[in-house]
Amino acid sequence: MLPASALAELAERPFGVYLHVPYCAARCGYCDFNTYTAADLGGALVSSVGLTTFADIAGSEIRLARQVLAALDRPVSTVFVGGGTPTLLPPSDLGRLLRLVADEFGLAPDVEVTTEANPESVDPAQLEQLRAAGYTRISFGMQSDRPHVLAALDRRHTPGRVSEVMRWARKAGFDQVSLDLIYGAPGESDADWLASLRAAVELGPDHVSAYALTVEEGTKLSRRVRRGELLEPDDDLLADRYLTADDLLAAAGLVNYEISNWARGPAARCRHNLGYWRGDNWWGIGPGAHSHIGGVRWWNVRHPAEYAARLGAGRSPAAAREELDAATRRVERVMLGVRLADGLAVDDLDDAGRVAMGELARSGLVEPGGLESGVVRLTLRGRLLTDTVVRALLPD
Amino acid sequence: MTAASETRTLRVSAAPHLAPGADPAMIRNFCIIAHIDHGKSTLADRMLGVTGVVEARNMRAQYLDRMDIERERGITIKAQNVRLPWQADDGRDYILHLIDTPGHVDFSYEVSRSLAACEGAVLLVDAAQGIEAQTLANLYLAIENDLTIIPVLNKIDLPAAQPEKYAEEIASIIGCDPAEVLRVSGKTGQGVTELLNEIVRQVPAPVGNPDGPARAMIFDSVYDIYRGVITYVRVVDGTLTTRDRCLMMSTGTSHETLEVGVISPDPHATGSLSVGEVGYVIPGVKDVRQARVGDTITTSRRPATEMLGGYRDPLPMVYSGLYPIDGSEYPALREALDKLQLNDAALTYEPETSAALGFGFRCGFLGLLHLEIVRERLEREFNLTLISTAPNVVYRVVMEDLSEVTVTNPSDWPGGKIAEVHEPIVQAMLLLPTDFVGAVMELCQNRRGVLQGMDYLSTDRVELKYTLPLGEIIFDFFDSLKSRTRGYASLDYEPAGEQLADLVKVDILLQGETVDAFSAIVHREKAYAYGVSMTSRLRELIPRQQFEVPIQAAIGSRIIARENIRAIRKDVLAKCYGGDITRKRKLLEKQKEGKKRMKTIGRVEVPQEAFIAALSTDVGKTSQTAK
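These protein sequences, in sequence, are chains G and S. Number 71 in this note's numbering belongs to position 71 of the first sequence; there are no gaps in the numbering. Number 52 in this note's numbering belongs to position 52 of the second sequence; there are no gaps in the numbering.
Next comes chain S alone, as it looks inside the complex (with noise of 0.2 angstroms):
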């Protein structure tokens, strides 16, 4: 922190909305539900201008996202929170929590998390583009919180907005009138104090026991290199103080209780929170395992009873393997996963080995996204360059002999008699315009999804319902209903059970070797497309050795598919004179650098390259061309 950072924490110190014990009944906690790119972050940064907290000179774009990959891609991870002072038109001083909440799918728990730490909800939509699935998604989530929405029209100050429309689609949905949809601008600020003056109005304030024991439900968790966790929490009953040791209710582990205080926008400690309150907690632990999104935190001295409802563990919906290009970066990558570990709760892994791809881990995600951060992360963070296996969901596979396998992993597929193998399936939303229905309605078709519901939001825009396999989704899904609706639909699902399913493993074998990065969990029907694709693919990828080398796919011991690598006759170069012979010395030397990256399969040596081409995206894409 700089000099000036100080100074500022200083001044504001005096400021009476930072005082510990305030009154509950002047208190409103409200999240913004909204999509990607509706304006979210932009209108938290006017809230904060427009309530003083952050003065205009220290304005920088989208304050409440912190992380790089979040800036970038212009999503919240890790939701953030910050307490606003607000002086509303009934001449009051009110304190606001705006807790932001998490933008994707993976991460519903979260949400969900965020939303149970909220009375109120300001949805907020762009008035150029209409409710996207996501939002659609929050929406209910909150509606089944009892939240108290309160529908917004964000970016009215574009030409293309279209708020009378957007404002009919919106009533439609919630069941209000259009009059009630507020319209504003994040960008110029226009209808923010508005807004701000409803929230006071309309959102009920926070209510709890103050006198008994202190429970608060933790909605998000931080490693912080500098102090360890910090929990983010909202405090239902009672009071938190430092005085107290906490107590981490779903472990029975308590803590020193470091520091609490209130954001606002930069930390301030204040000692104590008490009921309705929004602030963090800094209880002295390394990990955010052992301070769960979700959990209940009280105090040792007198402990609550009963933990606030709706903790759940994290479960990894998604695995896939992990392998440092650079064998040597191995010990580089254990090192990285455990510190993204530290924040991460929902992260897993364990040290996994290929015969293909060498030593890497096994790892555990929330889903597609959720992997793509991670693998991002460790590659600009920790300057690590990945490969990743094609991801894998969990199958429950139930035997003759009715022993059940749990199969993350493609090589953990039990090898004899299955009775009946499980697989995860979603419900699945899309919002898209009617002229795209019957693209959508065909890739769904192909992804085994079945069609639950078909409502029209307007005379333009559908909203289709669909019982899908998560392994169908987790294959590119998301960008093939893109390149189909032009970037125009958007989806959202939820774990929905599991069913049954015609599963088999595809495997890959070279030479009659088993290539372990190259076997795929794939519906019967398909496997033949996986299998011609795999095997041509690696025909073009693995260069001629001094001998036939036959790729087979196969189920069991039954071959689907072969193609031959016809063995080599001639690498002899024709001439070689006087001044041809430094070249070729430097063309063998390339040679020889090369065959060091190069993995032996049988007798049969890879280069790693072809892995990794091999594995590239397109590999998902097969399931796409497989009808």
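Bound conformation, chain G alone (with noise of 0.2 angstroms):
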């Protein structure tokens, strides 16, 4: 099923897992993930292809991803269990989960397992039993400390709450935790997202991820965007706001790593995140959920009930899959790890990629001496115009 070049790529670097959760008590109203309601998927998520099944149906997906790696003898070194709404599942099930991962691979002796977490929808016994399952990392969707902006958003929970459930993690002995942010709701002032950041850093956490809201196809906000009964976020604005939240966290201690990413020091950074822009091997289990292996990438069927109906069928769920040339995969590299703090190599460049990095560094968009350093680093205003930073790069 993986050409063997691709399968020979294993060893040489680190290998994660994602796991998919695809339901969610109710939709916010910007969100294009690949998620469905009760009432999505007719009128119950306990039913066939709801939420009593799916540990076992993602399990036998873990089985056969086990089948196609038959020759992978590396353990896992992250596992990410993301949504929807992941805590949705029983603690009991993404317990169950992981221990299907750990028995058909190896865990790594330093293992990051991140799961999201919905504030609204997690108390401390199950925090309790995730810690105890081996979950270390946990991430919680605050998005706004402001009622009128949760609102906008869609979010149910209420301000006050993300500090109680932090404390219950805390306590549950999770040593990494990360907050959600997002900036730019309709409604959302400057002074409510400074409130926001405060708030956030207040409560301690060691990483926190700060989105601008972006206005996707599909979703119930870019209908109202495009009827013009909200308008959509300004740039200039996201660009303010973003300062804001680059200034607020360093000042916290919560370093950038990624565009819309900071930790408390190297070892808080989300090492499962990071495969993803250093081009690492990783297996996505779940609907929708994208893999990729040594310049193979594929994705399954995006329907739980089709997903559910292959798997059971003991087809594989993916729906189409794309083989990345030498070419692709140079322009991914520098598409992916020009985003991060640590940089790019000057090697993944080409000769006209290197000629621009010049004009690029007189505009203040790239740190200079790149050339002589052989790493391109974003400068904080070239962070804000990665696509332009990105396209220089890469002139073909």
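Everything labelled a hint here was simulated from the structure, so no lab data went into it. No experiment lies behind these values; they were computed from the predicted model shown. It is possible that part of the hints are untrue.
To be verified - 20 angstroms max Cα-Cα, derived SDA-like pairs, lysine to any residue:
hint : chain 1 : residue 1 : chain 2 : residue 2
1    : S       : K584      : G       : R278
2    : S       : K575      : G       : E216
3    : S       : K590      : G       : L324
4    : G       : K220      : G       : H148
5    : S       : K595      : S       : K575
6    : G       : K220      : G       : L231
7    : S       : K417      : S       : T406
8    : S       : K595      : G       : E116
9    : S       : K417      : S       : R396
10   : S       : K590      : G       : T328
11   : S       : K575      : G       : L237
12   : S       : K599      : G       : R391
13   : S       : K575      : G       : E116
14   : S       : K584      : G       : D348
15   : S       : K592      : G       : T328
16   : S       : K590      : S       : D571
17   : S       : K586      : G       : R329
18   : S       : K596      : G       : A8
19   : S       : K590      : G       : E322
20   : S       : K575      : G       : R377
To be verified - Computed beta-carbon distance windows for the label pairs:
hint : chain 1 : residue 1 : chain 2 : residue 2 : range
21   : G       : E359      : S       : R566      : 17 to 23 angstroms
22   : S       : K590      : G       : E359      : 20 to 26 angstroms
23   : S       : F359      : G       : V225      : 52 to 58 angstroms
24   : G       : V225      : S       : I325      : 29 to 35 angstroms
25   : G       : E232      : S       : K590      : 19 to 25 angstroms
26   : S       : G487      : G       : E359      : 54 to 60 angstroms
27   : G       : A319      : S       : P550      : 48 to 54 angstroms
28   : S       : A613      : G       : E359      : 28 to 34 angstroms
29   : G       : Q67       : S       : T600      : 50 to 56 angstroms
As the list claims (entries may be wrong) - Residues of chain S clear of chain G, computed beta-carbon distances all greater than 10 angstroms:
hint : residue
30   : G189
31   : K339
32   : V450
Quick reminder that beta carbons are idealized off the backbone N, C-alpha and C, glycines included.
Assembly of the complex is requested from the two constituent chains, each provided in isolation within its own frame, with the hints serving as guidance.
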């Protein structure tokens, strides 16, 4: 199923497992992820394609992955459970899935195991069970500290809830806790954003992800923007909010290591996500999940019913795949690598890309001296104009 | 040609009306003057049927209109002619030549040549709509040419027909009795026989010197890929035969006479054409500019000394730059223009380069419709995708040192001290229902028109005469007229010299660099409006750059309007995780594709779509909103 050349790369790079839990109690207006509510699935999440059977079905893909990757002889470095809302699954299921990964592939001694969690759907017992099952890191979808902003985002938790779940997580023994924030929501002022950042920092997270609200096609948000009910977030305003975030987070000891991610020191970075930007290997389990092994990328069918049917029939849930040639892989390395504070190796640039370095440095988009140091690093301004930089570095 | 049509040619070749050497006394040459949709082609088709030259089963709607565009738009661009045998009610056999006239204001010179080939004109008016401006203009032209006018109301079968009312109208215009206005239906054939008899009775037979040197006037000239140029002629004196070389009197060049014949309705070689006859001559040339409409053909064996009157070189009135949207189509565009010119003596072009649009051609046209037709033919027949710059008329700029500059392109506008600017004007005639007089007068005033007269054709229809700058008419005047009168007004105009005008060139600058494609020559009072509208349009259309980009409108060095495109500060996608990579890469590839189509003005990258959008029809609308 995978070409020998791709399998051959398994030994060279860390291997991660992503697990997509495609269920939510309700859909948020801005979200374009592959996720389903009870209504989407014909009335109940508890059905043949719903929550109760999900661990069994996803488990069969884990076993399939092991068959395909029979040659893999390094343990899993990272596991990341995302969604959707993973914490809608009972902790026993989340624990069972992690055990299955461990049984099939083995876990590295320093394995990072993250789950996303919505503040409204966790309780102390659940967190303790997850920690006991081997989860090492938890990422809470805080989004904002302002009630009207949370409402605009269709988030159902109250601001105070986050500090509560944070306390429970620490008590349960989670060393690594991350908070997700969103800026630029309709109705959010500069002061609102500042307040949210301060509130987040005060909770003492090890890691913060802060995302500009993006209007994605097909979401309720994009329909409302199109109808003129809401204004699309203005790019200049988003740029200002980003600068505010970088300032405030840096002052609190959270250092930017990727465009939208800050960590309290290198050890607090999300190693699983770093794998995406570094071109590592990972297998995505679950409906719509993407995988990448040695230059071959594929993605599963999106609907949980079809996903379940495929696996139930002993077939691969992959919908399509692409085999990247050397040139395309280089494009991806540049496109992704430049997002990292550690930078991109100049070796990944062709001659034209290196020539462009001079102008980019003069324009203040990349740090000067990149050609000498062998590393391309974005400046703060360059981080906001990454598309421009990438186009300049890949002139064709 | 198929076997079937060859058979038909053979069959009709025995017909006496196709024999050479017809007696001029038995010939009647006439044309039909009508508005676009007043049923001229249907009536002509009906005449072909009634006279038996086309059998009903071979009838194709609008037989005489051949080009696709003509068929679709229902208008005649190139005139056709056809010989019809007719036994009149006096029992004698006549030869009728129906000479079709082109139906648009841009082609008024071609119309005048067609009229000059006739002795009579059928004035055809829709019995439900009454006479239109263009018909009236051509009618006046026919009267000037001393043509016998036979007034006819068409479509009398329509329930909405008001023959009494419009017979009155026509009678009052041409000064006849309403009872003399014939009534026909091209659709049902009613009255067509009577009309043909009336043509025989009223239209004078052609008169010429049968023994003099041959003189024939070219009233149309078309290019055929198999035969080369085919000229349609009316013989005035003598005889043209294939035995003699023909001589074009305007250029003094002679050519072998490959074929001489008549059309009825397919070409039929007769070997000669004599006094009064209408037919075709194939002079063995490859380019219609060597056999121009209005020229006189004589023979080199026995050349005439004097040309027939009325010849003039076609003069482009409107200029526009034509550019291929895909720059690699430039050679194909050149080839296509070369080919079109074979068939269009009025089309001129020369290479032109624009920083915004790349390589293209500056083309000269008779008018706006001519421009549209050429562009449409280039796109349709040659599969090109084109963008045209705003049309420009011909200005005469007199400098303070009394030197003169002819400006057909804003980029030719002189930079020195200008003493005066002359712009071409037209005498325009507008026919409209009285309800719309206010709206139309307002429109004409906005376009700097001067009212010259107002006549009531009937109680509810008015003729307005205006002097208008041609430059104002070519900016969507037709569309504005149409929308203000719900399509009930008609317009005709003819060149009427020039006038002094306070005109300026407005340049559009992007970061200090002039964007040639957007320069325009406008009246000083409308310069500000043009500048504001163009700069704000471009601000919307041009993507933000890494640096701030000022867009200015300027007259010379004076800035009259300014907009800023703020520097872009953020283009990064906030999230790029495992499931986003393929999509993000494809987006990048798309952006890079788009960048290839960018034109660089100074340091500013502008997608070609922005230029195209800014140049699309609305450009002209600015002069409409300007008050």
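Outcome of the hint check:
no. : hint                                    : verdict
1   : K584(S) <-> R278(G)                     : holds (15 angstroms)
2   : K575(S) <-> E216(G)                     : holds (12 angstroms)
3   : K590(S) <-> L324(G)                     : holds (17 angstroms)
4   : K220(G) <-> H148(G)                     : holds (18 angstroms)
5   : K595(S) <-> K575(S)                     : violated (24 angstroms)
6   : K220(G) <-> L231(G)                     : holds (13 angstroms)
7   : K417(S) <-> T406(S)                     : holds (15 angstroms)
8   : K595(S) <-> E116(G)                     : violated (39 angstroms)
9   : K417(S) <-> R396(S)                     : holds (14 angstroms)
10  : K590(S) <-> T328(G)                     : holds (14 angstroms)
11  : K575(S) <-> L237(G)                     : holds (18 angstroms)
12  : K599(S) <-> R391(G)                     : holds (16 angstroms)
13  : K575(S) <-> E116(G)                     : holds (16 angstroms)
14  : K584(S) <-> D348(G)                     : holds (18 angstroms)
15  : K592(S) <-> T328(G)                     : holds (14 angstroms)
16  : K590(S) <-> D571(S)                     : holds (15 angstroms)
17  : K586(S) <-> R329(G)                     : holds (13 angstroms)
18  : K596(S) <-> A8(G)                       : violated (38 angstroms)
19  : K590(S) <-> E322(G)                     : holds (18 angstroms)
20  : K575(S) <-> R377(G)                     : holds (19 angstroms)
21  : E359(G) <-> R566(S): 17 to 23 angstroms : holds (21 angstroms)
22  : K590(S) <-> E359(G): 20 to 26 angstroms : holds (23 angstroms)
23  : F359(S) <-> V225(G): 52 to 58 angstroms : violated (41 angstroms)
24  : V225(G) <-> I325(S): 29 to 35 angstroms : holds (31 angstroms)
25  : E232(G) <-> K590(S): 19 to 25 angstroms : holds (20 angstroms)
26  : G487(S) <-> E359(G): 54 to 60 angstroms : holds (57 angstroms)
27  : A319(G) <-> P550(S): 48 to 54 angstroms : holds (49 angstroms)
28  : A613(S) <-> E359(G): 28 to 34 angstroms : holds (29 angstroms)
29  : Q67(G) <-> T600(S): 50 to 56 angstroms  : holds (54 angstroms)
30  : G189                                    : holds (57 angstroms)
31  : K339                                    : holds (36 angstroms)
32  : V450                                    : holds (46 angstroms)
Violated hints, in rising order: 5, 8, 18, 23; the structure is consistent with all others.
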